[in-house]
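A.B. asks: Using the sequences and the hints given, assemble the complete structure.
By the numbering used here, the letter at position 218 of the sequence shown is numbered 324, and the numbering carries on one by one without gaps.
Treat the hints loosely; a few may be bogus.
Unchecked claim - Simulated crosslink set (SDA-like; lysine to any residue; CA at most 20 angstroms straight-line):
# : residue 1 : residue 2
1 : Lys189    : Gly207
2 : Lys110    : Ala127
3 : Lys117    : Gly155
4 : Lys123    : Phe139
5 : Lys110    : Gln165
6 : Lys110    : Ile142
7 : Lys189    : Ser166
Stated by the list, open to error - Beta-carbon label-pair distances, calculated as ranges:
#  : residue 1 : residue 2 : range
8  : His285    : Ala124    : 49 to 55 angstroms
9  : Ser166    : Cys243    : 55 to 61 angstroms
10 : Ile252    : Lys180    : 28 to 34 angstroms
11 : Glu192    : Glu274    : 31 to 37 angstroms
12 : Gly183    : Lys297    : 40 to 46 angstroms
13 : Leu223    : Lys297    : 28 to 34 angstroms
Keep in mind that the hints were calculated from the coordinates and are not lab data.
Cβ coordinates follow ideal geometry from the N, Cα and C atoms, glycine included.
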Amino acid sequence: MAEKREIFTAKTIEEAKAMAAQKFGTEESRISFSVIEEPKKGIFGKVKGEAKVEAVYEQSKAEAAGDYIRTILKNMGIENEVKVTETEEGAVIEILGDTTGAVIGRRGETLDAIQYLASMAANRGDKDYCRITVDCCGYREKRKAILEELAVKISKTVLRTGRTSALEPMNPYERRIIHSAVANIEGVVSKSVGEEPYRKVVISSTAPRRERRDGYKGDRGDRRPPRRDKKPGEYTPRSMDMMKTSFEKDYKRPKPEDSNLVEGDLYGKIDI
107 MAEKREIFTA KTIEEAKAMA AQKFGTEESR ISFSVIEEPK KGIFGKVKGE
157 AKVEAVYEQS KAEAAGDYIR TILKNMGIEN EVKVTETEEG AVIEILGDTT
207 GAVIGRRGET LDAIQYLASM AANRGDKDYC RITVDCCGYR EKRKAILEEL
257 AVKISKTVLR TGRTSALEPM NPYERRIIHS AVANIEGVVS KSVGEEPYRK
307 VVISSTAPRR ERRDGYKGDR GDRRPPRRDK KPGEYTPRSM DMMKTSFEKD
357 YKRPKPEDSN LVEGDLYGKI DI
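C.D. replies: Structure (structure tokens):
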């Protein structure tokens, strides 16, 4: 619980109590009041002085987180409504309004930062942890659907190719969504690797890599033959034949018996 304590001054005690309830955003019955000074009546019934009341309000962690978020938005120049709903696990705080882009940020980074700061403010100095979830215009559900679809798509690719696939770095909340989605797909498993804030999910196939008859162990669906390293100086006729010119292909070396030919016989064998 977070405590709010403040002194309010008004013409009457009732007005001071009403000011406290409005300032704390709650009912008077939830506030403890101590009268410090009452207005005094003077001559002819004229009231002198003002009433001073000390108001003490025991705030829940969820309410403290909500107030903290309102302060952040005010400093950002945003006047969105903040709705706090307490749950068994903690609290869900919704930011409602039109200025959602600045609140959510790129892939929810700003929203995650607000959630982290609000959680730290609410749980400061207390052993009992309260989980604070901050959402903005239903962004969390939309992002969850996108991540679940991504997990299914990547898993199908891993099943088809047998290759391990690593996703982009994500925060713990989004990684849990991926792990949960992969757990429902047979033949693949997932794990988180790396250090924050670059920790990411890796999806792998549980099926063994297929072994070819020629002993080559490759990824499933890989049809490439194994590479054979050529020895230094090794003659490869096929490759040499491909480098020959048309003249070299048509030219035939003289037979041994041709060396005994005289000049006239040699020229007689040439078709001029």
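A.B. asks: None of the hints should be skipped; say for each whether it holds.
C.D. replies: Do the hints match the structure? See the list:
1. Lys189 - Gly207: Given pair lysine 189, glycine 207 holds - Cα atoms ~18 angstroms apart, limit 20 angstroms.
2. Lys110 - Ala127: 12 angstroms, holds
3. Lys117 - Gly155: 8 angstroms, holds
4. Lys123 - Phe139: 8 angstroms, holds
5. Lys110 - Gln165: 7 angstroms, holds
6. Lys110 - Ile142: Holds, at roughly 17 angstroms.
7. Lys189 - Ser166: The hint holds at about 14 angstroms.
8. His285 - Ala124: 49 to 55 angstroms: Distance hint for histidine 285, alanine 124 holds at roughly 51 angstroms.
9. Ser166 - Cys243: 55 to 61 angstroms: 24 angstroms, violated
10. Ile252 - Lys180: 28 to 34 angstroms: 31 angstroms, holds
11. Glu192 - Glu274: 31 to 37 angstroms: Taking Cβ atoms as reference, glutamate 192 and glutamate 274 lie about 34 angstroms apart, which means the hint holds.
12. Gly183 - Lys297: 40 to 46 angstroms: Hint holds: Cβ distance 42 angstroms, inside 40 to 46 angstroms.
13. Leu223 - Lys297: 28 to 34 angstroms: 29 angstroms, holds
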